[in-house]
Amino acid sequence: MIRRLILLAVVLAALAGGGWMAWRQNDAQNQWVRVTEYTVTHRQIPAGMDGYKLLYLTDLHNAPFADQICRIIQGYAPDCILLGGDLVQLPDVDPETDMEQVWAILDRYADEIPTYFVSGNHETGTEYYYLIYQALKDHGAVSLEDKANRLWKGDSWVRIVGLGDPGPDVLDQEDRQRMRQTLQDLLAEDEEAYTILLCHRSNAYAFLQDLPADLMLSGHMHGGVVRLPLVGGVFGNDDERLFPRYDYGVFQESDMTLIVSGGCDKNPAKRRFWNPPEVVLVTLRQG
Numbered sequence: 001m002i003r004r005l006i007l008l009a010v011v012l013a014a015l016a017g018g019g020w021m022a023w024r025q026n027d028a029q030n031q032w033v034r035v036t037e038y039t040v041t042h043r044q045i046p047a048g049m050d051g052y053k054l055l056y057l058t059d060l061h062n063a064p065f066a067d068q069i070c071r072i073i074q075g076y077a078p079d080c081i082l083l084g085g086d087l088v089q090l091p092d093v094d095p096e097t098d099m100e101q102v103w104a105i106l107d108r109y110a111d112e113i114p115t116y117f118v119s120g121n122h123e124t125g126t127e128y129y130y131l132i133y134q135a136l137k138d139h140g141a142v143s144l145e146d147k148a149n150r151l152w153k154g155d156s157w158v159r160i161v162g163l164g165d166p167g168p169d170v171l172d173q174e175d176r177q178r179m180r181q182t183l184q185d186l187l188a189e190d191e192e193a194y195t196i197l198l199c200h201r202s203n204a205y206a207f208l209q210d211l212p213a214d215l216m217l218s219g220h221m222h223g224g225v226v227r228l229p230l231v232g233g234v235f236g237n238d239d240e241r242l243f244p245r246y247d248y249g250v251f252q253e254s255d256m257t258l259i260v261s262g263g264c265d266k267n268p269a270k271r272r273f274w275n276p277p278e279v280v281l282v283t284l285r286q287g
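Heads up, the sequence shown is in the UniProt record's numbering, so the first residue is 1 and it goes up one at a time.
Here are the simulated DSS-like cross-link-like pairs (lysine-lysine), alpha carbons at most 27 Å apart as the crow flies: (1) Lys-153 / Lys-53; (2) Lys-53 / Lys-147; (3) Lys-53 / Lys-137; (4) Lys-137 / Lys-153; (5) Lys-137 / Lys-266; (6) Lys-53 / Lys-266; (7) Lys-147 / Lys-137.
These are calculated hints, taken from the structure and not from any lab test. Values in this document were obtained by computation on a predicted structure and should not be read as measured data.
Required output: the full structure, derived from the provided sequences and hints.
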């Protein structure tokens with residue numbers, strides 16, 4: 001009996017020690033921003049846009065990663081930078097003091113690399129939204145809030161459209177219908193062009209995926225915060241509080257491909273596990 005108790009104590013101590021080491025290792029990994037690379041191939045991508053690189057940053061929440069992100073931009077030399085919302089952290093927001101990480105990135109690169117943004121719920125959920133919107137433009141970013149634009153490389157281009165975030169955490173039927181109608185209006189021109197959709201909420205894919213955009217870039221779910229093997233993300237937002245469907249990675253449920261970033265935040269109240277902060281690099285290929 002004593003031997004069994006000793007053996008049990010040894011096993012429990014080993015498990016506790018292993019768990020502590022895993023936790024420490026995870027915390028160390030969360031200090032560094034990783035780059036997750038995707039290649040998207042499509043027949044409608046012009047040959048002149050082959051190899052075009054998009055750097056996608058979302059859910060930064062003013063985390064102290066500007067220096068790392070700037071080094072990533074320097075190393076990967078993207079053709080454009082896309083900001084997918086939730087750049088600030090609620091509830092107290094002052095663009096001058098609570099977005100210094102964003103300004104550090106934009107002030108260094110927005111003049112030389114075309115940079116576009118849409119809002120997330122942390123922007124539209126604050127009274128400072130219009131200050132944030134104007135400040136982003138003042139720092140060199142171009143608004144895609146319910147707008148369309150073109151990404152150029154030489155004489156070739158692809159279309160990019162953006163949806164501004166409706167604001168409340170849970171999207172009601174009116175929000176969904178308004179987002180659908182806005183996207184339909186944006187897609188009414190250049191119907192044959194390869195089209196990228198920038199939309200903060202990955203769960204919007206469920207009611208937008210039948211519309212004729214080709215690639216949707218999203219975030220919002222923070223990769224599920226905690227990621228478990230064979231399970232995926234644990235925690236969600238909106239009406240999917242546990243095990244969100246569109247949590248991370250690539251989804252292909254229609255002609256529209258969805259890529260969901262795990263985000264780039266560092267929030268002690270949402271400790272990421274097996275889910276380090278990331279930026280996404282998407283390379284377009286003609287094929």
